[in-house]
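Chain P is already provided as a structure; the job is to place chains U, B, C and A on it using the hints.
Chains P, U, B, C and A supply the protein sequences, listed in that same order.
The first sequence begins at 6 in this note's numbering and counts up by one.
The second sequence begins at 6 in this note's numbering and counts up by one.
The third sequence begins at 6 in this note's numbering and counts up by one.
The fourth sequence begins at 6 in this note's numbering and counts up by one.
The fifth sequence begins at 6 in this note's numbering and counts up by one.
Hints should not be assumed to be uniformly reliable.
A pair holds if it fits inside one copy or across any two, identical chains being indistinguishable in the list.
[Said to hold, decoys possible] Below, simulated SDA-like cross-link-like pairs (lysine to any residue); rule was C-alpha separation at most 20 Å, straight line:
1. K264 - T31
2. K364 - R284
3. K59 - K205
4. K238 - F196
5. K264 - Y118
6. K264 - H99
7. K235 - E285
8. K135 - F201
9. K205 - T215
Worth flagging that the hints you see were computed from the coordinates, not collected in a lab.
Residue strings, one per chain:
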Amino acid sequence: MATRRRKKPQTAKIKPKRARNLSPGTVTYTGKKTTTVTELDIIDYSSEHFQRFKTKNIEEAFNYEDSTNITWINVNGLSNTEDIISLGNHFELHPLIQEDIVSTYQRPKIDEYEDYLFIVFKMLHYDDEKLNYEHISLVMGKDYVLTFQEAEGDVFEDLRERLEHGKGRIRNVGADYLMFTILDAVVDNYFTVLEFLSNKVELLEDKLFTDKEDPNITEDIQDLKKEILKIRKAVVPLREVINRLEKIDSTLIEERTNKYIRDLYDHIIQVNESVEIYREMIWGLMDMYMTTISNKMNEVMKVLTIMASIFIPLTFMAGIYGMNFEHMPELHLRYGYYYFWAAMILVFFGLLWYFKRKKWL
Amino acid sequence: MATRRRKKPQTAKIKPKRARNLSPGTVTYTGKKTTTVTELDIIDYSSEHFQRFKTKNIEEAFNYEDSTNITWINVNGLSNTEDIISLGNHFELHPLIQEDIVSTYQRPKIDEYEDYLFIVFKMLHYDDEKLNYEHISLVMGKDYVLTFQEAEGDVFEDLRERLEHGKGRIRNVGADYLMFTILDAVVDNYFTVLEFLSNKVELLEDKLFTDKEDPNITEDIQDLKKEILKIRKAVVPLREVINRLEKIDSTLIEERTNKYIRDLYDHIIQVNESVEIYREMIWGLMDMYMTTISNKMNEVMKVLTIMASIFIPLTFMAGIYGMNFEHMPELHLRYGYYYFWAAMILVFFGLLWYFKRKKWL
Amino acid sequence: MATRRRKKPQTAKIKPKRARNLSPGTVTYTGKKTTTVTELDIIDYSSEHFQRFKTKNIEEAFNYEDSTNITWINVNGLSNTEDIISLGNHFELHPLIQEDIVSTYQRPKIDEYEDYLFIVFKMLHYDDEKLNYEHISLVMGKDYVLTFQEAEGDVFEDLRERLEHGKGRIRNVGADYLMFTILDAVVDNYFTVLEFLSNKVELLEDKLFTDKEDPNITEDIQDLKKEILKIRKAVVPLREVINRLEKIDSTLIEERTNKYIRDLYDHIIQVNESVEIYREMIWGLMDMYMTTISNKMNEVMKVLTIMASIFIPLTFMAGIYGMNFEHMPELHLRYGYYYFWAAMILVFFGLLWYFKRKKWL
Amino acid sequence: MATRRRKKPQTAKIKPKRARNLSPGTVTYTGKKTTTVTELDIIDYSSEHFQRFKTKNIEEAFNYEDSTNITWINVNGLSNTEDIISLGNHFELHPLIQEDIVSTYQRPKIDEYEDYLFIVFKMLHYDDEKLNYEHISLVMGKDYVLTFQEAEGDVFEDLRERLEHGKGRIRNVGADYLMFTILDAVVDNYFTVLEFLSNKVELLEDKLFTDKEDPNITEDIQDLKKEILKIRKAVVPLREVINRLEKIDSTLIEERTNKYIRDLYDHIIQVNESVEIYREMIWGLMDMYMTTISNKMNEVMKVLTIMASIFIPLTFMAGIYGMNFEHMPELHLRYGYYYFWAAMILVFFGLLWYFKRKKWL
Amino acid sequence: MATRRRKKPQTAKIKPKRARNLSPGTVTYTGKKTTTVTELDIIDYSSEHFQRFKTKNIEEAFNYEDSTNITWINVNGLSNTEDIISLGNHFELHPLIQEDIVSTYQRPKIDEYEDYLFIVFKMLHYDDEKLNYEHISLVMGKDYVLTFQEAEGDVFEDLRERLEHGKGRIRNVGADYLMFTILDAVVDNYFTVLEFLSNKVELLEDKLFTDKEDPNITEDIQDLKKEILKIRKAVVPLREVINRLEKIDSTLIEERTNKYIRDLYDHIIQVNESVEIYREMIWGLMDMYMTTISNKMNEVMKVLTIMASIFIPLTFMAGIYGMNFEHMPELHLRYGYYYFWAAMILVFFGLLWYFKRKKWL
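Isolated chain P (complex conformation) (with noise of 0.2 Å):
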């Protein structure tokens, strides 16, 4: 019988909020990713203009807040907590808002402020078959967009691209354009790790369907499960974080991009209701599971059954013309033992025609 090799459970950690105990506001890097450098992705673009480099040194970001360009600052390893404050603080965003940049286990979330919007989201990826999230937020000011990254991911790196290369309406339109076209990655991502999923599932299924025995079934159903509450974790909050996004009334947000966002609005919807699809045909792999499992108890039982039944009566039968007593009639006839095999062929063929006609073979 096949060894149980046994994974690593995964569960859904519940991490702290903050550091035990500190006083609000504080802030405290709770990740894991501790990269000691903060990495700096520092664009700036109009539509004639575009600059692109990348440093270590925090204060080269502070020269392009005044520029009449668009500004993108992206910032790669939160661990660095004093860079990130110092950045915070040049931009003059509040306590709590640095406080969550770094707050690793922060749910989705919006806060409008007076000169900016604050957003809160996940990055979903999959390392090695494991579901892992990436924190990340984001500050859109008038002119500029600031994103927080655990590390350094490429879900960004295509846009670039096309800022750098001028492709779309992207280079022409404000701060607010941009910010939707990075939520927009984002929702490009859920569609992915979705599609991951969903492979992972049509697998599941198959090893179901088919006869292979795998013990781990129930461990591997498990883990979907938590996978797919995971991905309801980032992505049902992100939905009520689009849908107040869309409703702001805020100078910001220009009117031509309004459109957009109810586009964006569109798609998160789209990705929560294949998300509870997803969960109700996880949910539905249980019940799959207990009926193979009950339908392979039913064939081996079977098959128990029809050799019990078959040799248990014509063993008893060898035995009666085993025993010893002294008279015994049939012991003493030419043919008793030919006649004695027909009776046995006639009672193994009876009972095969009576669980024939049962459709147990």
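Then chains U, B, C and A, alone, in the frame of chain P:
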């Protein structure tokens, strides 16, 4: 034992809302039916006048816009995006709309613009027992209706005939009423699909209740689950669409059409309720299947238990008198063998009576 | 083993809302009870006056419209659509209403028009243990009430007698109160149907708890599920109807009738709650059945295990002394055979005691 | 095996809201406790004054209406409808109220009238382990409270004593506070009933976890389900009642009483939450029972498997040497028999070790 | 087989909201921790000043009320109701509040009064693996905060230290901020409890996936269910409390504190979502356990079937040649015995091969 036929797993696929990393508003076809040519089916009518013809030349459609008649332009085939764009630009459709027309994974929705309404919905049909979506978009302007389909369908054919033969009030009223009849045909189509599904559910129930064994039942139930989820994905958002359509305060929709839309809303609610009822019934099938399996196993176990319980003690008795002890008085009795048979028969019928009393026979 | 009786599967059918491909507003009968004649049952009354007669001539109904009395025209039989149309036209009913009157698959609803209210609801009754709908429409004008039924029912008979004998306050008040009493009779009818269902549930529960085996229980539960879903389909929308009726701001409904409608609303809510409770109970029956099956299997297994566990070792022992080894000292012992029996009995009771201690006996 | 005791099935009965085919507003008693006499328990009090007496003469109650004191008239026994009517008419109660007072199947509700409030609710109590409703109606006027019960209960007895001995603030405040204390006693009563239910659930859980077999557990769980549904039917609508009571803008309720009603609302919400929690726990019991059954079957199967797997091969070996072949060299070995035993013991312990390793022993 | 350890059943108890039959507003302690003495922990602070001391003399608390500093009076021990009353009267707390402070079964709520806010909530902690509530009440006035606990807890200890050492902005702001930090500590406490629960769930999952048998798993799952229900009972109403707190329009709460409360609301929603996710996971454990049991039974059955199916036919064959027929030619063959063994081995491996092909081995 029956070998298991393996059907192609049929998963509700999640597809990206647009080709990855394209800027929003980029018109890219995401469907699979790549008919290279775009076919137009143009109907121009008023109460006295009726004209219909098919063409593959997009520009022929442009002549009808200004006529005082109602013009219905039905576009078959979305893969040639250039045609869609040129038609879209002629009718001054927003780039996002042009994108949605060819994004076959767009969920049903309604968008209001100043000069037209834009509605996306799904047609459902069974091809070879497999449920498929067809993505349809509708643009309703002051005196024209545009519909966009992936492939030439036959759902609207009756509608066209009704138009041609002037049956009903359809020829005397505006484009809003034409839009209503198109949506009405779609909801009628859902009823047909549900009827088909209803037959499948009934067939499966019959299968469950008859003794014939079918190892594919689990898969069949799972497939039904997916189909009902797929239908729900098309029907539920359409309900919202029609609800909003009822409430729209647009000059495009005349007062007298509102009554019909309210009627349509009643029908889509009815479809929704039926979908929910089928969902519950399909989910219940799994439970039924489990009890069926358990019942069968019970029967198998009973046969085994009866056979074993009757013949094991008898075999034991035969075994006793097959022993070779020197001093076994019974063996030397004159009628020992016949006494033995008498005891045998007694035990046999005693056990039969016991199982009879237990109602196992 | 009992042979399985196969009942006709009873599925909640989905029917098209109208004959396919007809223009909306086309009056086409969709029911099955095709009584070719339309029968009218006309009651004309005021506090002093009472007149009642039956006729098959539609035109006789036209005389009563202008009388200052309250007129109740009950129409039995909807298959003769011409009669319905001529009556409808006489009372100036909107074409959509005329369509709904004969569309037996129309769900319960209320429509307000300037001169009348239009209400659709369902009567439920058990024919031969099968639950059926009857589609009923009601039009309430200033001093008349029209009701349309598929076949002559007996639910309103008591109401007519109450009218005739002038019992209650019914004769002194307007058409709105008549409408209320009709709806009240319908809700009363739901209570009767639920009582009937309650008896069926109780009978099934009794079946489950008694030992008698019945392979049809799964089907019976499934049928109950369908019936409760059917009832819900009639009751839930009627609740909304009465709720809206309570809130309607129409000159057709007098102030004093409102209190009665509020009372009616209380009752329909009560029906709803009962429906939900029965639903939960019926759903729970499946679980109960599963445990019953499992309990029975447990019992079967125990009998098998006890029989096999006792006699298999004993048979083995007998087998030992049936061997033909030349040198088996026990065989030559004087009391060997008796010692053997002693050992046998010891083992037998030892195992009995073991199973006793395990509480299997 | 234990014989199954069959308890009387205890179904949540649905009763008609009024005797069928009676005109609405007809006062007909629908309960079962037919005490022919109606007993009145009259309390008349102010801060200085207290008078209490019992009577069977309805007219004695009429004297108290005009006194400036607060009068509480408690009516026991609803079967004598004439008494109810004469009392109702004296206090000018609407006919629908009079009907509701004696309609024991009326669900909890509140009706506002100009001069009084009318509240219906349910008292719950266990008689012989069976949960029963008592239908109670309350009319609260400017300086009187009327309560109507089916039979003399003892829930209000403590309240009367508190009134008599002038404990608490109860004697100094108006009829609205008296109504509040009565409702408060009812909610307290629900807590008691839930505590009783809680004990039953705990007992059943203990039964499930002990090995003692009890074939009635399924029934017990089903009965608990019905009880909790019954409680919910009383509690859920009362929450709405108290919620509406809190929001009523009536001169009958003084400002200072509002705080107490809000408190009462907190408590009824707490009852509701507990009901929901018990519901989930009771529903979970069925699952627990299933696993218990399956665990037991597992154990039974193991015993069978171990016994059969050990002795069947041994019996086979003994069978070999019981054969009568002429040439079987082993039979003639000097220590053949002992070698055989050695092999036997080897196989025996080998299998034991195998089952040990599998952790079945 | 393992004997079942019986743990004390741990039921979510429903307790009466107040000692029965007491008038509302009566201050009666309902908890179990009867520390006869009431201990006060008084902190008086402003930005420059900090004073802290403990006392058992209630009257010492009265001096601080009028100081311009912020005063936090924490009361440990609620069993001495006289102390509570005298303190309550000094701060002019409404009798209902005084009752709620000592009613340990009061659910979380918020009450607004003119001069203070009153909040009830629950602290959760694990004592010996058992989850317990601690009932805490908070009164927030213009420049004081009162907290009432059943026993001296340590959750607020860190808060006091933060106050003492002047860390954070806590010393410069008003009583409303102090209230916020207390509530914040409570929500932090919920995160800790959930983390603990998360570990228990993970441990149980590991147990389920390892082969080691543990008959207590059903109980463990049931206990987890109760714990999560208990947590939910504390957390869900607190969400409403904080939601209402956010919306309160009171002069007691300063503008700048609102941002912090909104932050707190985010966190309590996060707790809620985690609770729901754990609930689903715990509920799913039962299904997992069922499949585990069924899988094990499947394995047991296979061993039995393989053993029986192989040796029963072989035993039958041996039985044949153990018969005593006079004329059995095979017995007299020279190599009959060896032929027999050959046949035996053939059957043996044939069956092995059969089971191998069926993937049972």
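_Enumerated hints in conflict with the structure, sorted upward_ = Numbers 2, 3, in rising order.
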